[in-house]
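Engineer: Each chain, letter by letter, is given below.
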Amino acid sequence: GAGVSQTPSNKVTEKGKYVELRCDPISGHTALYWYRQSLGQGPEFLIYFQGTGAADDSGLPNDRFFAVRPEGSVSTLKIQRTERGDSAVYLCASSSRHLAGGTDTQYFGPGTRLTVL
Amino acid sequence: LAKTTQPISMDSYEGQEVNITCSHNNIATNDYITWYQQFPSQGPRFIIQGYKTKVTNEVASLFIPADRKSSTLSLPRVSLSDTAVYYCLGVGNMLTFGGGTRLMVKP
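Residue numbers (the numbering used here), protein chains in the order written: chain A, 1 to 117; chain B, 1 to 107.
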């Protein structure tokens, strides 16, 4: 089947604007993750959904960042009042994980490159 | 969360075996050790995962000693297309990526 898809692939916005980034996980995957990756660094965890609920949002840097997954499938990462420091690649991953710990193979999308001017 | 330490970069030549070792001194009892590969402009891709001893798949082998404080990813006979960044992770409640190892395979 299809893998994880993310739209848009690139987003350029101005400082202070609002942006939404979309993630379509693999069909049937209950777990969905958002990460942020800056140039030359590893991905940084933002938030993890199990079904419709955010099981762990400890990685969200501040209250300008918010994510939803209303029907347990597609997720949207929302960033308010964007700042230049928000520029990064935003990665989404999904897995069939049901329980904490143990094995968990995550399948990543290609990411959305956000540039805040 | 398992904090990991791995070499920043490695160079190799086509056809050689490459071993990348990762230290994870505080790995939790229920954490699995997982390795991901990432090419430029792509998301990370799962390579292999294990809990202890040795795991082998069609792509790589993973060696984990009894104390589980380190692991070694072994790539047999690398090719130019194996040039990428490799991340080792302790998988618990989330994936905590370190800086990864940039592997450069030369002709």
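Everything labelled a hint here was simulated from the structure, so no lab data went into it. Please note: incorrect hints may appear among the correct ones.
Okay, the calculated beta carbon distance ranges per label pair [said to hold, decoys possible]:
{"#": "1", "chain 1": "B", "residue 1": "S74", "chain 2": "A", "residue 2": "D63", "range": "42 to 48 Å"}
{"#": "2", "chain 1": "B", "residue 1": "T53", "chain 2": "A", "residue 2": "R81", "range": "31 to 37 Å"}
{"#": "3", "chain 1": "A", "residue 1": "K78", "chain 2": "B", "residue 2": "Q16", "range": "42 to 48 Å"}
{"#": "4", "chain 1": "A", "residue 1": "K17", "chain 2": "B", "residue 2": "K54", "range": "47 to 53 Å"}
{"#": "5", "chain 1": "B", "residue 1": "D67", "chain 2": "A", "residue 2": "K78", "range": "25 to 31 Å"}
{"#": "6", "chain 1": "B", "residue 1": "K3", "chain 2": "A", "residue 2": "A55", "range": "19 to 25 Å"}
{"#": "7", "chain 1": "B", "residue 1": "T21", "chain 2": "A", "residue 2": "D63", "range": "24 to 30 Å"}
Just some of the chain B residues that point at chain A, by a computed CB distance under 10 Å [as the list claims (entries may be wrong)]:
{"#": "8", "residue": "Y32"}
{"#": "9", "residue": "Y36"}
{"#": "10", "residue": "R45"}
{"#": "11", "residue": "Q49"}
{"#": "12", "residue": "A66"}
{"#": "13", "residue": "V85"}
{"#": "14", "residue": "G100"}
From the three backbone atoms N, C-alpha and C, an ideal C-beta is built for every residue, glycine too.
Engineer: Any hints this thing doesn't respect? Which numbers, in order?
Structural biologist: 2, 5, 7, 12
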